[in-house]
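A.B. asks: Order-wise, the sequence lines are chains X and C. Counted from 1, the first sequence has number 14 at position 14 by the working numbering; the numbering is strictly sequential. Counted from 1, the second sequence has number 361 at position 50 by the working numbering; the numbering is strictly sequential.
Worth flagging that the hints you see were computed from the coordinates, not collected in a lab. Heads up, some of the hints might be wrong.
To be verified - With the C-beta cut set under 8 Å, the calculated list includes, among others, these residues of chain X facing chain C:
1. THR151
2. GLU155
3. PRO187
4. ASN212
5. ARG214
6. ALA223
7. VAL253
8. THR295
9. PRO301
As the list claims (entries may be wrong) - Derived coverage of chain C by chain X (criterion: at least 3 residues anywhere in the stretch with Cβ under 8 Å from a Cβ of chain X; other residues may be distant):
10. 313–325
11. 387–398
12. 486–497
13. 517–527
14. 562–574
Yeah, the Cβ is synthetic: ideal placement off N, Cα and C, and Gly gets one too.
Chain by chain, the residues run as shown.
2 protein chains.
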Amino acid sequence: MPPKPEILVSEVGPRDGLQSVQATMPTGYKFRWLDALVAAGLREIEVCSFVPPRLMPQMADAAEVVRHALTHPGLTVLALVPNAKGAEAALRAGVHKLTIPVSASHAHSLANVRKTPDQMVEVVRAIARLRDDIAPGVQIEAGISTAFGCTLQGEVPEDEVIRLAVACVAAGAEEAGLSDTTGMANPAQVRRLFSRLRAELGERAGSAHMHNTRGLGLANCLAAWDVGVRSFDGSLGGLGGCPHAPGASGNVVTEDLVFMFEAMGVRTGVNLEKLIAAREPLKAGLPGEPLYGMTPEAGLPLGWQQEARHV
Amino acid sequence: MPPKPEILVSEVGPRDGLQSVQATMPTGYKFRWLDALVAAGLREIEVCSFVPPRLMPQMADAAEVVRHALTHPGLTVLALVPNAKGAEAALRAGVHKLTIPVSASHAHSLANVRKTPDQMVEVVRAIARLRDDIAPGVQIEAGISTAFGCTLQGEVPEDEVIRLAVACVAAGAEEAGLSDTTGMANPAQVRRLFSRLRAELGERAGSAHMHNTRGLGLANCLAAWDVGVRSFDGSLGGLGGCPHAPGASGNVVTEDLVFMFEAMGVRTGVNLEKLIAAREPLKAGLPGEPLYGMTPEAGLPLGWQQEARHV
């Protein structure tokens, strides 16, 4: 038996990444990519979002993708849902976990979903009731977005971020995590906010979803780790996450995230060589799409023996 | 009076960057670039190395560059010297500080300077004597390179790194810093090694010279900050530092480094807008050379007011 992982790396590329690019990855490639991610040891994958296909044709095969993902024993199959209708479709498809984005920025929330943050808390409550009715074993995570700043309103009050996270859990979510949607977080802020979140919610404090917009993605993950966060989102090849400029990737690159923790001796359960190999089906299914990642480009260091680091 | 900076950002681009590229920046552009760096608030710049021009034509104008740099009051003018001959030329040119690279990897040291690490400690001793004779006010910093791993020999024993740093200070260097020459450092290792260095050397523990080869540059700087390091090397545009692959920059990007600390509320004394503007003379003097940096590409966040952060 390999030693138990110390952190959970949650891969968001198949949802967050694929819905951020123009092209639609053919369903067969999605299957191959998911298989490669699972083969690398990923234990939780956000495989799709349940949204109207006319708004997001990249996700039209969501139910089919969930069905395929469910063939992998031990994998937690996660889907993003913005509303009760999407949640019902996801629950009927058989997902293990729902993630609901709740923006802490009033301006961003209105622009994005035409609801205030508090109206989104009511959406969480409605989805939790639905879940209790039709699939009581399913987990719900609220992802508090723009938690570290907003490109529309600038600063987002920290009290408001924490208040919303607590409200989402009170409304029926099992956990609430914090997302640096806009790439504005810094390590001092990450430590403050996740410390407060953990003080309020304990084990219901959810994952850190960091962006690398200004190069601070891994530093922010390190800062979150330092204050006890043990669940981190990453996107293979840094795909998605609304890059602001060419070369400026959005989401934290899963490969670099895993490299950092494994190099530190923190077990991720993910095999880095196989994770880098999982870029191949991604490239094949999205030809010409730029991928990021320093570790894949530089290669693993001389003498790198991942297993040996954990003996 | 602006508040006193809390960290020292030491710019190494004019030396480390310019000697890593094929092209030679014309002397006039070097002057313009230095002027722009000083205008941004940088207080220490490694302006050149004193090495034989036939080996490194990019540095043939070293004495002239030092002379120009010395026209900026308050600027610490630093030069790299690999041996006593280079040190003598640098001292006669009037530099304020010498940096001497001492590799902790036996294999790298032999390959790079045909001397063992202990023979390099003797070089430090000889240079310190020379300094005492001809320019007693000049500071000497030993930069322990390959301190976190080596592309030739793999692991570098931590005891050996600390032993060499202590030996360099005993031989007459005012300080010894640690360099992640190969981009193999991780935050746990950075904390261990700099904690030991500071325990051994106190205020004589020198700067953190981190690379971004595998994307961990800023995370490693954060880790060093956490254990008390207050001096950091950076290279404007990430120029230099032996990139292993296209897109995989070597040196930590000064712009991103300053952004991280300023965003955290740590005063650097550097104005970020002016620092980003200092890329212009660099681009003009090295046309076509790729520059890195997430912050310059993404732009500063909405509502960024650097001065206001320090009130």
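A.B. asks: Could you work out which of the previously given hints the structure breaks and list their numbers from low to high?
C.D. replies: 10 and 11
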